[in-house]
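Quick note: the sequence shown uses this note's numbering, first residue 20, plus one each step.
Heads up, some of the hints might be wrong.
[Claimed, not checked] DEER-style ranges, computed between Cβ atoms:
id, residue 1, residue 2, range
1, I45, D65, 23 to 29 Å
2, F75, G38, 34 to 40 Å
3, A51, Y76, 41 to 47 Å
4, G64, L44, 27 to 33 Å
5, R70, L91, 21 to 27 Å
6, P63, G31, 39 to 45 Å
7, R34, L89, 37 to 43 Å
8, F96, G64, 24 to 30 Å
9, L62, F42, 40 to 46 Å
Don't read these hints as lab results, they were simulated from the structure. Only a predicted model underlies this, so the values are computations on that prediction, with no experimental measurement involved. Glycine included, every Cβ here is placed at the ideal spot set by N, Cα and C.
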Amino acid sequence: MKGGEGVSGWEGFGRLLMGLGAFLLIVGGLLAFFGRLFHWGRLPGDILIQRGNFTFYFPLMTSLVLSLLLTLILNLFHR
């Protein structure tokens, strides 16, 4: 094994982390922007239970919609 061979693996990992960070930054910005427009998290099918000082919230429908959208977007990039 040559000394320079191991470096390319770390460079690839670094690029992967930078790409993942950029992706998360873009997705976070879009969610913040569209959250104000479409009231994400308040879709029919989201579960909200409030009892006294206890609140349980499970965004079931929001999770399904986001999963579907991300699947479609990632499939477009994969092709």
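Now for the hints, and whether the structure bears them out:
1. At roughly 24 Å, the beta carbons of I45 and D65 sit within the given window of 23 to 29 Å.
2. About 36 Å separates the C-beta atoms of F75 and G38, a value consistent with the hinted range of 34 to 40 Å.
3. Our hint of 41 to 47 Å for A51 and Y76 is violated, since their Cβ atoms are close to 19 Å apart.
4. In this structure, G64 and L44 meet the distance hint of 27 to 33 Å, their C-beta atoms being roughly 29 Å apart.
5. Take R70 and L91: their Cβ atoms lie about 37 Å apart, and the range 21 to 27 Å is violated.
6. Restraint check, P63 to G31: a C-beta distance of roughly 44 Å satisfies the suggested window 39 to 45 Å.
7. Range check, R34 to L89: about 21 Å between beta-carbon atoms, so the 37 to 43 Å window is missed.
8. Taking 24 to 30 Å as the suggested C-beta distance range, the pair F96 and G64 conforms, at roughly 28 Å.
9. At roughly 24 Å, the beta carbons of L62 and F42 sit outside the given window of 40 to 46 Å.
Checked against the numbered hints given earlier, the structure breaks hints 3, 5, 7, 9 and satisfies all the rest.
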